[in-house]
Structure formats: structure tokens, C-alpha cells
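*Asks:* Residue numbers (the UniProt record's numbering), protein chains in the order written: chain D, 1 to 727; chain G, 1 to 290.
What the hints contain is simulated information worked out from the structure, not anything from laboratory work.
Keep in mind that the hints are not guaranteed to be accurate.
Heads up, incomplete: computed chain D residues facing chain G, CB under 8 Å, no partners named [as the list claims (entries may be wrong)]:
| hint | residue |
| --- | --- |
| 1 | L590 |
| 2 | L630 |
| 3 | N643 |
| 4 | A647 |
| 5 | D656 |
| 6 | E711 |
| 7 | V714 |
Below 25 Å or equal to it, Euclidean Cα-Cα: the simulated BS3-like pairs (lysine-lysine) are [stated by the list, open to error]:
| hint | chain 1 | residue 1 | chain 2 | residue 2 |
| --- | --- | --- | --- | --- |
| 8 | D | K638 | G | K270 |
| 9 | D | K637 | G | K247 |
| 10 | G | K44 | D | K719 |
Just so it is clear, the structure is predicted and the values come from calculations on it, not from any experiment.
All residues carry an ideal CB built from backbone N, CA and C; glycine is no exception.
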Amino acid sequence: MKRVYTAYDAVRGAPIYTEDIVPENALRVKALRSEHSHALIKRVDVSAALEVPGVLAVLTARDVPGENITGAVVLDRPFLAYEKVRCLADPIALVVAVDEEAADKAIEKIVVDYEVLEPVYDPVKALEESAPKVHENNLLRHYKLRKGDVTRGFNESDIIVEEEFRTQMQDPAPLEPEAAYAVPEKDGTLTIYGSIQNPFYVLTGVSRILGLPRDKINLVVMAIGGTFGGKSDEAPWDVCAMAGLAALKTGKPAACIYGRDESMIAHSHRHPAVMRYKVGATTDGRLKALDADIYFDTGAYASVGPLVMLRAVTHAAGPYVVENVRVDSYLVYTNNLTAGSMRGFGSPQVHFAVESMMDILADKLGMDPVELRLKNAWRQGVVTASDAVLMDNPDFGVLAEKVCEELGWRRGEKHPDEGVGIAFMAHGNSLGPEGEDKSSATVRISSDGTVHVATSLTEYGTGASRGFVKIAASVLGVPEDRVVVDRVETQKVPDSGGTFASRSTLMGGNAVYLAAKRLRERIERLIEESGHKGLDVVGFVRDVLREEVSEYAEFKLPVCDYNPETGKGTPYLQYTYGVVGVRVKVDRELGVVRVKDIVAAFDVGRVVNEGYLTAQLEGGITQGVAYGLLEELLIGKKHKVLNPNLADYLVPTAADMPRVKVIVIENPSPLTPLGTRTAGEPGIDAPAAAIANAVYDALKIRITSLPITPEKVVAALEKSEAIAVFV
Amino acid sequence: MKSLSYIDVFTPRSLEEALELLDKHRGELAVLAGGTDLIIQLRKAQQKAPNLLNIYMLDELRYIKHDNEIIKIGALTDFATITESPIIQRHAPVLAEAAATIGSVQILNKASIGGNIVNASPAADSLPALYVLNATLTLRSKTGTRKVAIEQFYKGYKKLDLQSGELLTEVSFPAMKQNQIGMFFKHGLRQGDAISVVNGAILLEVLNGYVKDARIALGAVAPTVVRATESEKTLIGQRLSEDVILKAAQACLTSISPIDDVRGSAAYRKEMCVNYLYMTLWQMMRMVNL
Ligand SMILES: Cc1cc2nc3c(=O)[nH]c(=O)nc-3n(C[C@H](O)[C@H](O)[C@H](O)COP(=O)(O)OP(=O)(O)OC[C@H]3O[C@@H](n4cnc5c(N)ncnc54)[C@H](O)[C@@H]3O)c2cc1C
């Protein structure tokens, strides 16, 4: 059994990634994608493409042996488009050739006749009666949040503030693009090696498309060069099915590896959002009412959009007690690229809106923004915006105090054009309303005394597998170097659910903990029975038993009872809590916002692996700063993607980040055995709002759309100066 | 993205051999220096990529010399060397400043000044500095050598006065005089590895508090780098004051014709150009009037 690759393998350049193991003579598969965002396909002619030397096959919808349909939540996307295309990422034909060059040539030779349809790109417009129909109905989901009576709430408010926010499409931009390599085996089965985040989900999709039973396919997870959500949804299904289909049709090994541009277009993105908020409060800062309409643009297909929407709507009132709440959220189809999983999963958008609103309100009230937040922040036992009692035990007071202290919150003299901003965050742990959350693990001690941990949770740089090693080692009382995490292959490991929602250590960790505990208890019984007292667990298996012992365990969280139709109930049992503070300096002439300082405090419950933990939090904050200031997939006038490359899609460089001070608080959750809270995503939620608030503090301009580019700052300053002159 | 495995690469051991090869395969070879522009372009190109003449091994094209008040830089010299060179820091600090902003450490070590010049991006960061330094390019072929002023070298967007068979071997310019000061500016959208939204260089010669000569070059705001001649005229013969530099900054608008693109709108580019010129001239005014 092969082990999971380590960071050491990655830094020394070991051949651990999918592309590294593709032999020179493997066939290559490439997709022809749509030229239009919305069109009927009238005719596809592949005859000229078949003439290109080196081309073995050109495959269209007709050649799909199984069902030509995919979808993580809703089956709404053809694997190969026919009849109609709904966005630029839609693949229409696949070329199988001896090398990339031949494949590229053949792609240019495929003729597609389109009848162009009117597209719709704005999620609010897409809901209008007269809007072009992307699918039968452009409204995919409508979820709610309800508490009390907002009309009464606003009547009882002394101050009411209103604002509309817009956020952009962010690309997950992992270092390694999607890749798969399929090998047809002699016994008629198919082995597919790939950069696969959630192997059992991919297995379902691929087996359906290829018309092969699940047990005829073995998905082998190679090292994953990052994902941030891009490899969580359907992009890995596509590359695995494309390579698999080519291998089936030709009987030869075939690889499908996306280039950077193809990757940035085809994988899932962060939902662009339009959010209209209205908040009312009394003069002493009690939140009386929160009223919001939230539109999430899921693009041409649902992907996991419905789950993203659930997370967004249940986080839409922030970690605050508001007496009366009405939130309606709409998940809408458009002809944009598909949105789905991306680190934060619907939470960064609403945090930007809510945390901006809190500062707008504080400003109107003439109150300190931290004081206003603390006055209304969640504590154990409060009634949340979905009218449910919070069982968890947050302590925002401690978090805010640490951040204010370290940042020097509004102490001393303010430098010109400098500002500080703060934002609170709460990130629901595990799947909550998104589904039953169950994980499983097998822990075994082989006859040579090595401890093996097997789950289907994959390692993509978060260090979760190191966490499993630590947990198993400490339960079994063995040194960590005796514990190996097995490579994930669908034929060999138990289904532990997906590696998403920051759930690995929480869900998988607890399953590993339970399996290891069972294993220890069983072996201790055996030791006792056989009279070998004094021997340790591993020594007994290796020296006395001389055969493998294995235990399996499942860990489940109770199902949460939030109901998106009524808008009431508990969405998540526990959360990760945080406070992020930033100091910025804004250049008035150039509009450039420089982040000078970031201080962030998080309640992570319990620390399992400190190095990886702070790396996750810092990484999340960095991506959050980029969400606030830099990253946006730009769409041109002709609606092509203008920057599907890392020169113009602005991921942050080290030079863009200031010192990040992460403060970790251990306040164990009373609701799970290990008491840990999740850490993979929470870092990304609050920085954008904190930066927007700091820009306001610096220049008294409120930027309500992300990213906060120099161009927007210059325009807003001009507007505010014009108003100042006018007045 | 394309596989480039079918390309033939010639790697000459001397400049003579390189010129020989270029002559023999006239029009069929692309010159490969650091490859930081070329390889990316080949991977994206529609046509079949040409074979390559790899000059990266030709150390004889790596030098920085101070010769009779003329500074000479070999075409293969990388930007890390240029920005750290005491000769450049002393005699052409405006170029040292520009060189330091190119890409990141990896790019600085690999990218050559010759590649930056011949690639002819309107946003190339060394060009505004070379324009205000009145640089001359030395072009060599098997049959001879010719010298071209940098401003004459560019005929339009990526249109060059460079014949097939010719190699750029050197860029040279007069060392800056005691009474000259120069500054470079660059506006990118992030702090590292940023492509310029606008960039520019200013060189002023000051005598008894009056501007005797002024040269201003702006990048990324027209198909080629352009001289802001109206701004220059506004400055020449004047004492630097807030009033004068504001007028000079605004006068640049007659020289530039920016477009909307992925890095910014035309209007924003214009505004940035004026603001940067003003800010840079303001700093120079402080230096002059100290
Ligand atoms: C990540 C990244 C960041 C970058 N950042 C910047 C930046 O901030 N500022 C900037 O200006 N540029 C930047 N660049 C662009 C590039 O690095 C520079 O233009 C560089 O100077 C090119 O030099 P090179 O040696 O790599 O040229 P190559 O790529 O080898 O060649 C470029 C062109 O010049 C020709 N050529 C090269 N040498 C000669 C010669 N001696 N005679 C005739 N023709 C020749 C080649 O045939 C080719 O057409 C960046 C590039 C990357 C990849």
C-alpha cells in the first residue's frame, strides 16, 4: 500500500503529481469548448479533424457510453454539450491524439454551427420575466432566514441604514491545473490516476458517464497541487471521464491535462453576489432588524451552488443577535462561468456585506465599531437569526480584546491617509444543513508493526494527514514515524465523505480517533488474555500475534434542523470564531491601498498541529486580502474572459502581504469529542470587510464592491470631493 | 498551450558562430535569450513555432563598461546585474531604478536587457529609462554593424528596425552628468511581478536653478514608448515650481493615446500618467531646490 505524499516529496521535486507519471507515448485528450455563452448547436462536423495526422478519435455527445449528464447536486450539465451551450466552458467535442500538437490542430478543424441566443449575465436581471432562459427556470433555489417581524423591528429602530454590495468572481487558482491519466487494464477495468479531491464523488460521476459499474473503476489519488475548491466539484469528474472515455474507446492509456487558461475557465469559481441590506438599531446600538435580499450567480450550472447558498443564507446576519430578521436568498442561473466550491463557500460574500453594514451603522450611531459589535455578538444560549438557541460557547470579548491590543485600535494619533478596520467572523463547522455529516476511518497495525490509517480524505497541503498521524500515534502510544497514512484508492479505502468544508480534522480526525481507540482496546484485551502483560500494543502485534489487526469506525454529527423553506432552525452546531483587524495606508493620487498590518485572533477549539494550523489561517487571510484587493476574473465587452492567466489574474505575491499576526485561542467546543473547530476556510471570511472598513476610516469613502481596486478608490474620492465642493 | 518538443535549438559557442547561423537560416530562427517572453509567446502562438538560436551561453554579450563617458551594456546582461552594478548606480541611476522593478527575483536573474528591448512591449520597464538616456543600439550581422538611436528603432506596435540576420549586441548611452538627475516610476496593480499600467522616466539637466534640458518618456500609454514633448517644453528654461510642474504634468495628455484593457481604462491611465508625472517632478523639484 502506497503512502500519502509529504511536503518533503513536494519540495524536492519528486514525481508525485499526475502529470509526472504520464508516459511519453500516452494519448492526449483535449476538449473543444464553446465560442458563445448562449447558443443552439446546429451541427458539429468533425470530418476534417479526423484527417489530421496523429488523431485517433474525435468524440461528441453521441459517443458517450453511459449517461451524458453530470452535476454534483443537480443533474443539469451535459458532460459533452449537445443541442445547446450555456457558457464558454461547455465542451462540445474531444480529440484523442498521439500528442498535444496534433490534438490542438484537430480542434481548430472541428466545425460547429451555432445559432446564437441572447445571453444573460446579471443574476438580478436573470430573474425578470422577460430574461433569456438559461435552463427552464433561472431561479434555482430560494432559501430564507426568518425571526420575529422586521416591520415592527424597523418601527422600533432609531436609526436605519441601507446599502447594496457586489462581489466578484474569484478563481481558486491552485498551482496545479486539473489532470487525469487513465489506464485500461487487461481484466476490463479502468484505473484512473488523477488530481482528485473527493474520489468517491468523482467515482459516482465517472461511472455514470462511462457506463461502467463502480467496482470496475479504481480512482487513485495522486499528490494534489492545491485546490481551494477548484478540484472539489466537477472539474476532476471531467478530466477523469475525458481520459477514461479516450482509454475505453482506444484501448490505450490516455491523459487529460488542463492548461492554465482551460483550468481557470472550467473549474468552479466563487459566486459573484449582489446583496441588498437594511439594518435598524436603537440609539444605544441594539440591533432591532435586519432585512436582506441576496442574489448568488451560479453561472450556467448548479454545481454545488445550492449548498453554497445554504451556507451563505445561514451566515447572512453575522454572528449577532438581531431581534427581527428577514433574509431571502436567490440562487440564479446565468450564462457566466459556473460557480461552486471555493474556500469559504458562500461565507466571504455575506461577511463582506454584514461587516461593512456594522461599520456603516456604527458611524451613523457615533459608536466605536468594536463596541457596537460586542454589544450584539453571540454568546452561549442566545437566539440566532434562524430563531434557534446557540449551544456553542463563543467568546468574542477575548478575541476582540487581543486584536485591539495588538493592533493599537484607535490609540494614539492617526497618520494622514491611514486607517484601521475590523471585522468579526463566524464560520459554521462541518456540513450543517448541507447534508448528513458522517466520516469513517480504518486503522490497522500490520504484522511488521507499522500503523496504517486509511480514509478517503485527501491531502492537498492542509496537513490534515499529519493530523491523522498525530491522533493515531497518541491514541496507540507509538512514535509518529511508525504511522503511515495510506494513499487513497477507491478500491481500497473506506468512503469517509469529501475533503471539503474544512472537515478533515474535525470529522476524519474524530473517526481516526475512534478507530484507533477501538484498536487499542481490542489489542489490550488480547494482551491481557494471552498473559503478555507489559508489552506495548505495536510490539504485541509484531512479536506475538504476527498478523494484521484492523478496526473501522464511523463518526457522525447529529443532523441539524435548519429548514430553508421556513428559515428557522439550527444550521450548524458549532462554529469557528474570529476577529480580524487591519491597518491600511491609501495613496489618494493613485488609489492604491497598502495593507500595513494584519492581526487576527481565532477560536479554534483545540490545537492539533500548530504549524499547519497557523499556515492554514495565514493562507486563508492572504486569499482573503486578495479577495478584497486584487483577484477578479475579468469579462470583456464581448464577454470573453480577459485574464485566464497568472500574469493578469492578480494572485497576491509575498510583496503584497504585510506581517500577519495570528493569535490562536483554545476554547474547546462542548459538542464534539476532540473539541476542535475547523481552520481551513475561516481565515478567508473577514479580511475584505476589514480592509473596506479601514479604507473608510482613512478617507471616509465607502467601497461597496469587491475587489477594492485603485481605479474604484480614485473614482470614489473624486465623487466625495465633488460632493464636498457642492456642499 | 502547446508542446514545444519538436523545436530544434541551435546553441552557438561564439558570437561569430551565432551570426553565421543567423545568416544561414535567414528568417527561420528566433533568438532565445532568457526566454521569459519568448517561451510564453511560443506556447500561445497560433502558428508553428520557429526553431531557436539560443544565445544564452554567449558570455561575451554580458558586460557593463564605462568607456570614455559612454556606458556600454552587453545585450545579454540580466537585470539583477544591471540594478546592482556600481557603474549603473553611479552613472545611470534612472536605469538602475527601472531595472529593479522588473518582475521578481527569478525574472531579474533571467531576463536580459536585449530581450526587453527587442520584445518591444509598450510596457517594458527598461525602455523609458533608455529613451531619456538617449541610448543607442548596436546591431550586428555577418556582414556588418550598425547603430540605431533607440527612438528610431521602434516604428509602431512591435514593429522594429531590425533585419533578419541581425542580432542586438549592445546598448550604450552617455554617462549622466553632474547636473543631471533622473527618476523612474511604475504603476502596477500588485507589488510583485506586476506588468506596468503606466511607467515613465524623467531626466532633467539643471543649470543655476533653471531647467536646461528635460527628457520625459512614458510607457504603456501608446503603441510604443513615447516622449512627452509638450511636457518637456513646458519645463525647459523654467525654474521648477508647483505651478510649472503641474502644467508640465498635464501637458503629457497631448502625447499619449492609451487604450482600455484588462489592466485599466484609458481614462484611468491618463489620470495616473498626470499624477505620476506630477509626483515624480515634485520629488525632483525638492532635490533641485534643496
Ligand atoms: C513573471 C514575469 C514577470 C515579468 N515582469 C516584467 C516587468 O516587470 N517588466 C518588464 O519590462 N518585463 C517583464 N517581464 C517580461 C520579460 O521578462 C522581459 O521583457 C525580459 O527582459 C525579456 O528578456 P529575455 O532575455 O527573457 O528575452 P527572450 O524571451 O529570450 O526574448 C524576447 C524577444 O527578444 C528577442 N531577442 C532577445 N535577445 C535578442 C538579441 N540579443 N537580439 C535580437 N533579438 C533578441 C527574442 O527573439 C524575443 O523575440 C516579465 C516576464 C515574466 C514571465
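*Asks:* Give a verdict on every hint.
*Replies:* Verification of the hints:
1. The closest approach between the C-beta of D/L590 and any C-beta of chain G is roughly 6 Å, which is under the 8 Å cut-off, so the hint is satisfied.
2. Hint status for D/L630: holds, given a least beta-carbon distance of 6 Å to chain G, under 8 Å.
3. Look at D/N643: its Cβ gets to within about 5 Å of chain G, closer than 8 Å, so that hint holds up.
4. Interface hint at D/A647: satisfied, since its Cβ lies 6 Å from the closest Cβ of chain G, which is below the 8 Å cut-off.
5. With a cut of 8 Å, the hint placing D/D656 at the interface with chain G holds, because the nearest CB-to-CB distance is about 5 Å.
6. Of the supplied interface hints, the one on D/E711 holds, with its beta-carbon coming within about 5 Å of a beta-carbon of chain G, less than 8 Å.
7. A least Cβ separation of about 7 Å between D/V714 and chain G falls short of the 8 Å threshold, and the interface hint therefore holds.
8. As the CA atoms of D/K638 and G/K270 are separated by approximately 24 Å, the hinted pair is consistent with the 25 Å bound.
9. As the CA atoms of D/K637 and G/K247 are separated by approximately 35 Å, the hinted pair breaks the 25 Å bound.
10. For the proposed pair G/K44 and D/K719, the alpha carbon gap of about 41 Å is over 25 Å, so the pair is violated.
The earlier numbered hints that this structure contradicts are 9, 10.
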